[in-house]
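Model the full assembly from the supplied sequences, consistent with the hints where possible.
Protein sequences, first through last, are from chains S, U and A.
Using the working numbering, the first residue of the first sequence is number -9, and each one after it goes up by one.
Using the working numbering, the first residue of the second sequence is number 171, and each one after it goes up by one.
Using the working numbering, the first residue of the third sequence is number 196, and each one after it goes up by one.
To be clear, the hints were calculated from the coordinates, so they are not data collected in a lab.
Incorrect hints may have been included.
Said to hold, decoys possible - Derived DSBU-like pairs: lysine-lysine, alpha-carbon spacing no greater than 35 Å straight-line:
(1) 42(S) / 253(A)
(2) 220(A) / 94(S)
(3) 301(A) / 62(S)
(4) 94(S) / 36(S)
(5) 301(A) / 36(S)
(6) 608(S) / 261(U)
(7) 35(S) / 94(S)
(8) 260(U) / 335(S)
(9) 62(S) / 94(S)
(10) 35(S) / 301(A)
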Amino acid sequence: QDGPVTLYADQIQGLGSGQWTASGNVEVLYGDRRLYAHQAHYDEKKDEIIAKGQVHLVSPGIVTNAPEATLKIHSNQGIVLHPRFLLPSQDGHGQASSGRELGKNHYRLNEACYTTCHGQVPAWQIYSQQLDLNQNDQYISTYNSTLNVYGLPVLWLPYFSFPLQRHSGFLPPTIGSSTINGFTLGIPYYFDIASNLDDTLTVEGLTKRGVLLQNQFRYLEPNYSGQLLLALLPHDKLTGSNVWAVSWQHQQNLGDGFALSVNYNRVSYRNFLADLSGVTGFNGGYIGGVGNAPYLTSTGAISYGNRHLQAGVMLQGYQELLQGEAAPYAQLPYVYANGYWRLGKTGYFDWRSNFNYFYASTGPIGQRLDLTPTIGWKWSRAWGYLEPQGRLYFSHYQIQRNGPYDRVSNRSLPALSLRGGLNFVRDAQDGSSIVLHPMFKYLFIPLQAQNQIPNFDSSTPFQNYNSIFTDNSLFDGSDRINAANQLAYGLEGSGYNPNGREVWSAAIGQIQYFNRRQIDLAGNIVAQNSRSNYFWQAQYAPLANLNFLASSETDSDWQRFERMDFRAQWLAHNGTVLNLDYRYTRNYVDQAGVSAALPIGKQWRVLGSYQYDVQDNKPLEQLVGIGYDGGCWTAQLMMFHQILLGGQTNNAVYLEIVLRGLTSIGNSSNGFLDQYVPGASMEF
Amino acid sequence: CGFHLPGGSTIPVRLRGLRVEASGPAGGQLAQAVERALERDGNVARADGPVLRLDNISLNQRAISISPSTGAALEFLNTLRGSVWVQRGKKILLPAEPLLVEQSFTYNSGSPLATNEQQIESQQQLFAEAARVVLRRVLLAPALR
Amino acid sequence: ANAPDAGLGKGPIHISADQLQGQNKPVQEAIYSGDVVMQQGDLIIHAAQLTIHAAAGKVEKAVATGSPVSFTMSSAERHGYGQQLTYEPGSGRIILSGDAHLWQGKNEVSGNQVTYLLQSQQTAVTASPGQRVRSVFYPAKGGSAKP
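This is how it looks when you write it as structure tokens:
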């Protein structure tokens, strides 16, 4: 860049042949930089400025003070003697014996120290033989460094680099202990390969098990991105085997609406997540909580999508982590094509189709083709609506290793429904309003026994207010379609404050069965009552961030709860979090839980979580934590009791130290904390 | 007691040509559910129409109850959060208010396929209900009728 | 009128003007006024008024004023202007003062007073108190500027 060089000074001498000397209040402006000094000598031929006397250089993202500096202007090079530098956006600062600019925004400092702490004795500081500051890629890498904590050398690091962007950075060193792993100490090494590639190798010593090596490689290209996590714990003393884990997520845009995505997860030991997830970045494709993931999902899919159509081919497999369960079915392949088109002004046509090849080591193997066209139309005004809808459930099965099932079978069941509702509104003078919305849905589906059809993916979910207005409300999946000649009816209410915020809402509904025969999960025809239980739900939010939620199923003569789930959550602005949970489902779950995060003063925060099984009258999982924010560093000490897959319990202590500007919290810790104290974040 | 059936079309005149803009990891799914519901009420989105903003929509899933004997999760809870407002150009027609909708489903240890289907069905119901909660507020808001 | 051969001037000094007033006593002095052009070699000065101080037939000092007075020296790619210009052929010195600007090619220096030495091509620029000198350099491609 050959922009002009503008020089201000009290006086300037031109020495001829392009040599100029400026003295007194010298200010030099070139490109995006500003240089101040007592005196500056500018040589046009060598395109060089030699500045002396309280040199102050302001470059993008870095401010440097030094007694002397020699700068090559347009080739962005230069030497600064005894620089003291500040990175404003990271609040990082330090000094060095000398500094050189290698290229645009790329500096090398010798015998440098760096910290984000202030005060005479910084909480932490790095002394490095050589410190490379690359602002283009936003990272610092240091060679032959020692980490000092309150002036005491704590760690010698031959090579050690860390990113500069906020909230990114490599996982902090972790210290902890647990009944399963013993004392643990983890040192991560972050390699910034390029601005879009980075790798973090964490070496974790576990006294009771050995050394866990975990490597997380991340890549980001214009058309594809992803991360590959490999973990290996050779000769694990606990299991006497080599414990390993793989987790690979990859997304790729193939252009013209096509996309490829891979989410592969495999562990060699079922409690890998529970034992080690506190320390690993493993977030695997499991659904649900950290250590209580019942199985790992792996999928590979090529999909196509546009405004109307979504289609694709997917391979989906499972690794069951809970011993003693039926071998899970894999769907290899699963082909789907779904479409949605608008018909006229308020009509619609919805098309769902999929083909599945179900494979498992035991039980029937089979292919299933599902076609589910739906056509509907809605007539609506502000005061109410009517929505007739016609749907066809068509399924074709071909079964090998057929067991009790037919080799080939078809099932096609029409579903005709009419849905409607009224909107009663009451507006108060202050602008608040209440809406009462009675609604109904009549549904007809002929009864058909389905015990000749295997069950690959159907189950009987617990019902709630919303599900009673769906067509196949008794079953999820596609292998069972419930019969219906029923009228579902419900009353919804919602109240809004003058600002239009929904302060409360409530709903209660029930189904009146005119067909007294139904099918069960096995597909046999069974009797059915005349009325379903009552399903009701309610939500009350006196404040925008304080919510009470309840959902329940009560038997039809209001004698007994089938289900009663209650939840309260308060997320205050100052970081205070309060959660209250009660889950009750007859013969299934009866648990209560409370969790909280309370900031104390400006620097302390306490965490707590207590889950209790009311039925078995025994505690489940608990957590107690305390955190301190020292400005340029934070420490979180957490003690928790968890139940591992298989019922074994584990007590663990986990200390995480974050040196702000050097390290940052990994997302695994956030996922971990979200399980115990939902709403709280590690970065407080 | 003051309850009445409001007249006029489902889409208030001031919201004619309403279009939906969403952000956040789960914004796309909620936007589709809301757009389709609006279409069924006769809405034709216009580029210059008012905008229904679904901001920072995120879906979080966590185990909410675990088996004391096997340690496996028994129920999962899906929580959809975000913030919703309506604006025309710079003018705010309906101020931003938080959205919180939840739905739980059970882990069926018998078959992960069944649990996967329950998860898909539960999330579909969650987005459908969220769309109803959003439109119930927006289409019947006294300020816009 | 032709002034006698000046020192460095490299050749005779030619001056043209509307009027001329000359005097020998007490000191040799000539005052030209009205569209004055003074030329010596490739140094050309344009001014509203020019006063020549001479001694023993040699031009000691030429003081030009104008709003502004300007000069050009094409061989050294130099030109400049100011409220007053003082030229001392003997020492080969040009002093521009009063909002003085001097260019060398595209490079420009400006301040309260600019002193330019023809022999050594040196320049000295000073500012009036409280003010600062300003100079702008346009390095040519490759960063090497002509002397």
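Taking the hints in turn, this is what the structure says about them:
For the hint linking residue 42(S) to residue 253(A), the alpha-carbon distance of about 45 Å lies beyond 35 Å, and the restraint is violated. Among the hinted pairs, residue 220(A) with residue 94(S) is inconsistent with the structure: their alpha-carbon atoms are about 67 Å apart, more than 35 Å. As the CA atoms of residue 301(A) and residue 62(S) are separated by approximately 20 Å, the hinted pair is consistent with the 35 Å bound. The hinted pair formed by residue 94(S) and residue 36(S) meets the criterion: a straight-line CA distance of about 18 Å does not exceed 35 Å.
Taking the CA atoms of residue 301(A) and residue 36(S), the gap is about 18 Å. The hint holds against a cut of 35 Å. With a CA separation close to 56 Å, the supplied pair residue 608(S) and residue 261(U) exceeds the 35 Å bound. With a CA separation close to 20 Å, the supplied pair residue 35(S) and residue 94(S) stays within the 35 Å bound. A threshold of 35 Å between alpha carbons decides the hint, and for residue 260(U) with residue 335(S) the separation of about 30 Å falls inside it, so the pair holds.
A hinted pair counts as satisfied when its Cα atoms are at most 35 Å apart, and residue 62(S) with residue 94(S) qualifies at roughly 11 Å. Only pairs whose Cα atoms come within 35 Å are accepted, and residue 35(S) paired with residue 301(A) is accepted, the gap being roughly 15 Å.
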